Each structure stands twice: as structure tokens, then as C-alpha cells.
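The listed protein sequences derive, respectively, from chains A and B. Residue numbering for the first sequence follows this note's numbering, beginning at 445 and increasing consecutively. Residue numbering for the second sequence follows this note's numbering, beginning at 445 and increasing consecutively.
Only true hints are included.
One copy or two, either will do: identical chains are not told apart, so a pair holds if it fits within one copy or between any two.
Straight-line alpha carbon distances no greater than 27 Å define the calculated DSSO-like cross-link-like pairs of lysine-lysine that follow:
| id | residue 1 | residue 2 |
| --- | --- | --- |
| 1 | Lys-699 | Lys-635 |
| 2 | Lys-551 | Lys-619 |
| 3 | Lys-551 | Lys-567 |
| 4 | Lys-503 | Lys-486 |
| 5 | Lys-543 | Lys-567 |
Simulated from the structure, these hints should not be mistaken for lab results. Being a predicted model, the structure only gives us computed values, none of them experimental.
Number of protein chains: 2
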Amino acid sequence: MDLRHLSFRLLQVYLQVVRTGSISEAARSLHLTQPTVSLQMKKLTETVGEPLLEMQDGKLAMTAVGSEFYRATCDVMGRFEDFGHTLEEARQGQWGHVKLGVVTTAKYVIPRILGGFYQHRPKVDITLNIGNRARILERFSNQEDDLYLFSHPPSGQHVRATAIIRNPLQLIAPKGHWAAEREAVDFSELKGERFLMREPGSATRMAFDTWLSARGLELNNTQQIESNEVIRLSVASGLGLAVLSAHTLDEGREKLVQLPVQGFPLESNWYLVSRRDRRLSQAAQALVEYMATDLTRCIEPAWVSEDLRKLLGPG
Amino acid sequence: MDLRHLSFRLLQVYLQVVRTGSISEAARSLHLTQPTVSLQMKKLTETVGEPLLEMQDGKLAMTAVGSEFYRATCDVMGRFEDFGHTLEEARQGQWGHVKLGVVTTAKYVIPRILGGFYQHRPKVDITLNIGNRARILERFSNQEDDLYLFSHPPSGQHVRATAIIRNPLQLIAPKGHWAAEREAVDFSELKGERFLMREPGSATRMAFDTWLSARGLELNNTQQIESNEVIRLSVASGLGLAVLSAHTLDEGREKLVQLPVQGFPLESNWYLVSRRDRRLSQAAQALVEYMATDLTRCIEPAWVSEDLRKLLGPG
DNA sequence: GCAGGCCATAGATAATAATCTATTTAAGAC
DNA sequence: GTCTTAAATAGATTATTATCTATGGCCTGC
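Input sequences plus hints: build the corresponding full structure.
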């Protein structure tokens, strides 16, 4: 039996012939002419190499080999029919796999979003890759994930980014810090303080640096620490001041205060980023759509960025 | 997903691509060029309507839909592979269905033959249709069975018949009949006896009638009975004489004797009959072959006809 | 920065398949 | 017997497939 030139069309016609018990009848129901179907059956018989049908008592009957083949054909068509259903689900984004690259800072918000999405689309499987900005940028350029969450999206033509969640950066101090007592503080008054900072390249650091240089300020005493949590704990212990995402602060129970410095908190956002040069899977699109329409269900509305609507737009 | 123009060839190529993880590699192993395979994959993707493969890290990887499709394809190919094995068995006649039309007289021999054949080819399924000669002749002309067993094969060009088993017709009488005492009896001396006969058209009757008319003899006192068993019992009870197949006599324990009449037993045979205008299934051919070569295993050699070898011949 | 893989695309061709209409054959039904 | 219905065959046409060679683009490793 040489399967090469066997097409599914032929099998469909064959099934119809068996089911109607007649070549002419099958032809009618398939909107074909009788000779067409007759010929197809001939070809199928040649492909299999044994007669599948025989005239019995004026009617078409299956041979022994024929009924085995019929069973095989039913099984095969049924299998692809099942696949067709699965495919349909995948098309509607009800099913599939989404890979997400997320910068460390966002790790406090993302679970709530995914939790909500899971309720919505339980069959969508999500792989979450968390790393610092440099790592996620690398994943982005290698096209390793479908969607990314950055505080500071990479640049380039094939980047599509939309701010979805506000990420205010607070200037924090240990409880009882002298500046916390004051109604207003000018940043220059803090020049003598030690600042605990994330590594250069991290979005928080970039935002702070930008803010400083816009004002011609420079810090004298800084220490670099690569973890928001460690920074938070260190500030609480009185090791210095820091600028941190408000989301990071929500997590801990340490005794911290915000300093009433002009211009703080620095407003920034998390951006949902995807690549224009890569088609999103339906499942990923379903996630985007979920964020666009239902984000307020799992995130407090106050945190949701203004221009979220743009997500569904063309760009 | 439109299956119509999907061919198994395409699926084979696809499997090879997935398995080798590379289009070029698959092309080499299938003795095709790389663009051919590339194009086939493109067509397959169009057929399914979703990408199945994607470049991941310089290698081909399956998408989520792709791996579902791969599974479906494996299942489908596996199913037809199984069918291929079944088909191969059928080709070797190891499996299949044989329909057999048998005249009543032969019902004593046929079980032994089929018993032997069952040992030989346990997966061949046999349907046995037993009837009187008229009934089996009708089945023959309607092509209802694959093979037939007749004492007197029908005539016609498309009849292929071979004598396989001897069927001597004995002239029998009840034990103690006067003629049984004699060393030799001339048939004319029995003219006054009553003869119990099968219906006209039965092979036993035909053979006897032929023998009688060849000698210009006629019977005065006959009675027609349509069953060999009833005739046998009736003869034993003294209701008359009869001509019966020796096989029929073997069965009963009644007190019967053969009369030493010149020319008896009448020699006749059972014929294995098939139609030239109908292709025999491999299973049926296996049965024919079995009869040609192994009949002596289940039937006493003395009963086997001389020209059995002809069975396997061309005609 | 260039050679060597690998994939994709273009353009061409021969083979095959899918269909049709018209005709022939076979079998069954009054 | 003729009428009907179903199947097979012939002959023709168009669409699709299965291939090829040649070429362009993209990474990777040296």
C-alpha cells in the first residue's frame, strides 16, 4: 500500500460511498458526478492494492479487507476531526502557550494579572521568565518570549509598547528619619545622605539618574545593590535612602517613610511590550486583550495606566 | 482546516522534518532538495491555517498547535501502518473471510476439512451455507459464495471444478435382506424391490438414474424422500432399498448391508467449484491450497480423489 | 568580515489529480 | 422484452502537485 498519493479527499469520498452504500448516491450527496466517484474508488482500490467494495446482490458491499480499511479510515478521520476542534480552541485563544519575559520589579504585580487571566482562560499555559532588565532585554532580542513587561521598553522599530500599569518611584527613608518630620524637603538638603541604588541599566536607576541630571544634581555617597528587597530592608535598617517602586514597598512590613521631596514620586509605568515582527499566538493575544479590558479586576484601578486602551489598537 | 488537498506524502515529509528537526536534514534523508521540503511545509501550514513550526534559537521548534498536530499525525500514520500489517496478513491469506456453499450430502466431510484448515489458518473466518443441490446452484449463479462443494458441478464456461474427494454410492439393504446372502446379484433380480430415492436434481439421484438408463433399466416401485438420513433409517427399518453416499452410511449405526451388485458402488466425486469470473480472496485461495496439499491430514487418503493436484493449476 | 550552514522565495516544468460529458454494460422490475 | 437505474469506461480539460535549479537573506564561528 503506497500512501504517498492518497489524499484525504479520496477518503472522504470513500466514506460517503460506504455510508450511502452507493456510488451514485454518494456522488449526488457530494455534488459530483457518478463517474467521478467511480473513478476515485478505482484509484483508492489501486492504492490499497486490494478490492474494498464488491457488488453483492445488486448493492455495494465491503469486502473483508474493505471493512478493515473502513475502520481505519474512520479512526483517521476522527483523529483529525478531534485535532480540528483543538485547533478551533487554539484559534479562539482558549488554549495555547504564552511565554512572558518580565523584569524583576514587576514580579509583584504579574501574579495578580496572571491569576485573573487563569480564571478567564484556564487552558492557556503560561511560562514566566523573570530576570533583570539586561536579561529580559536579551530574551527580547533573541525573540524568546511572546510578550514582555518592562519599566523602560527597549527602543527600535519593531517594538510595540503600551503603558499598562503605573509604577511610581518613591523616595524612602527609615522611619524616624529627620526629613520625614518636615512638611517639604528640597532634594539638595539630602546631598549628604547615602543612597542605595540598583545597578545602572535597571529602569529604576535610569529614571532616578535622568531626574537627577535634569536638575544638575549629583550624589556623593551611593551604594549599588542588585535587589529591591535588599535595598528595602537596608533602608529600613538605616543604611541609607533609596528610590524604589511603590509596588516593592507594598510587599514588606518594614518601617519606612516617604520623604516629601518635590517631584516625588517619580511617575513611571510598566509597559507591555511585543515585537511587531513576530505574529502573536492567539493565546498571547487573548492575554493582551484580557489586560486591555479586565485589568481593573485584578489590579486596583488607581494603578492602571491611562493609555491602556491603546493596547488593542493597530500599532 | 481544509483536509481535501492534504496528502499522506505531505504528512510523511512533515514527520521527517519534525523528527530531524531541520528542513535541510529532512530533505537529505528523503532524497529531496531543501526548497521542496520548505515549500511542502509552507503548504501544510496553509492547509492547517496556523504556523506549525518556528525558528527558535536557530533551530526549528514546534509551536503549541504544531505539537498537537504532530501528535495527531503520528496517530494517523500509526493507524494506517496497523492497517498495512492487517492488509499484509490478508494478502498472505492468513486472515479474511471465506463463504462456502455446500450440498447437504457433503455435510459429513466438510467439518473435518474445515477443522484441519482452522488449525492451519485460525484467523480465517468461514461461513458455511448448506443446502440441497438446487439451493446451492442458485447461490452459485448469484455469486453468493467464494467456493462450492458439489457432487455434480454445474456446467458453464465460468465454472472451475476439481474432484477432490471420492463419493462412492452404495446400494444398501436392511441387514438380513435375501440378496445380501448371495455372492453376486444381478440388478434385474431387484426389479421387484421398492427403492427409496432422493429428489430428481440431487446428485445421488442423477447418478443412479444415469446408471439405470445406461442399462435400459427402469424401477417399478420407488418412493421419494428428501433426506439422506431418513432414507438410511427407512432402509434399516425394511422399507426398501436405496443408493446412498458411503459417507452418509458411515455416520449411522443402523443395521445395513451393501448388496453385491455388479457395478456398485457407483464411483462419483465431490467437486470443489469456483467461478472463473470472480477473483478468489487470498483467504479462499489459502483454503484451496490447503485442500490441495493437506487434505490427507484430515481425510483418510483412500477417500481423496486422484486429480486433486489439478486444483492448484491455472484453470 | 567572510565562508558555510540553513531557511525562504522565485520561476519553470512535467506529472498527476480532479472533474466533466457522453457512452457502454449489467441487472432488476414490471 | 423493454424501461430504469446503477456502475464502469472513454476521452478531454483544467487545476494542483511535486519537483527541480538558482538566488537572496540571516546567523554563526573563525
